[in-house]
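Since the structure of chain A is provided, determine the placement of chain B on it from the hints.
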Amino acid sequence: DAGVIQSPRHEVTEMGQEVTLRCKPISGHDYLFWYRQTMMRGLELLIYFNNNVPIDDSGMPEDRFSAKMPNASFSTLKIQPSEPRDSAVYFCASSPTGPGEKLFFGSGTQLSVL
Amino acid sequence: TQLLEQSPQFLSIQEGENLTVYCNSSSVFSSLQWYRQEPGEGPVLLVTVVTGGEVKKLKRLTFQFGDARKDSSLHITAAQPGDTGLYLCAGVKGGSEKLVFGKGTKLTVNP
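These protein sequences, in sequence, are chains A and B. Letter by letter, the first sequence follows residues 13 to 126 in our numbering. Letter by letter, the second sequence follows residues 16 to 126 in our numbering.
Just chain A, same shape as in the assembly:
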């Protein structure tokens, strides 16, 4: 079975550019999560969806970040405009049961903003 699929694996962009990260969750999982991982702060929850509806976006850093889930098999995280401090690994995860349950992570997108 395919796991959570993220693209791209690596993204290098210049400050001010728009960045779009993509995620395909595991089929049948009703919950989708976007996390950000840095050395300084570890893994931080940005936003999560249940049945394509955003439930909690309190972790989204600021208005430059937005996330959508137009259907059960696709989600995007967009940063516009990007800044060097956005450089991190962004993970998408899905779960069949809920935000406090077992999470299945993708391989992540390594974002570098120059």
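If you're looking for bench data, these hints aren't it; they were derived computationally from the structure. Beta carbons are placed, not taken as given, at the ideal position from N, Cα and C, and that holds for glycine. There's no promise every hint is true.
Said to hold, decoys possible - Once the Cα atoms are required to be at most 25 angstroms apart in a straight line, the calculated BS3-like pairs of lysine-lysine come out as:
{"no.": "1", "chain 1": "B", "residue 1": "Lys108", "chain 2": "B", "residue 2": "Lys85"}
{"no.": "2", "chain 1": "A", "residue 1": "Lys114", "chain 2": "B", "residue 2": "Lys85"}
{"no.": "3", "chain 1": "B", "residue 1": "Lys108", "chain 2": "A", "residue 2": "Lys90"}
Unchecked claim - If you want the footprint, here are the derived chain A segments under chain B, 3+ residues with CB under 8 angstroms:
{"no.": "4", "segment": "98-111"}
{"no.": "5", "segment": "118-124"}
Same frame as chain A, but now just chain B:
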């Protein structure tokens, strides 16, 4: 302030040695999970503990949840190079539904 403090931050040992890593908090958690993350990959769940005092074993790995449900430990017996990775604890705080993660312990097992 990190809700879950993991120690040590880094650990480098020789193959065959035993080790213990810790996950501590001042808050009570309804459950704690342990994940292992390999370079370039996402975390993978190893175990979930839900009952105070609970001990779970996964081959050479032993996980314990503190009696007060504020801390947990992971003990590895006879470590192997394949155990190398970042070990993360994550918990659901009482009254919340979301997982919060510690920063992890980066383990290196040298052949």
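Hint-by-hint comparison with the structure:
In summary, the hint linking Lys108 of chain B to Lys85 of chain B is supported, as the alpha carbons are separated by about 9 angstroms, within the 25 angstroms threshold. The straight-line distance between the Cα atoms of Lys114 of chain A and Lys85 of chain B is roughly 19 angstroms, inside the 25 angstroms bound, and the hint therefore holds. Of the supplied pair hints, the one linking Lys108 of chain B and Lys90 of chain A is violated, its CA atoms being roughly 29 angstroms apart against a limit of 25 angstroms. For the segment 98-111 of chain A, the assignment as covered by chain B holds, since 4 residues bring a beta-carbon within under 8 angstroms of that chain's beta-carbons and 3 suffice.
With a threshold of 8 angstroms between beta carbons, the proposed coverage of the segment 118-124 of chain A by chain B holds, since 3 of its residues qualify and at least three are required.
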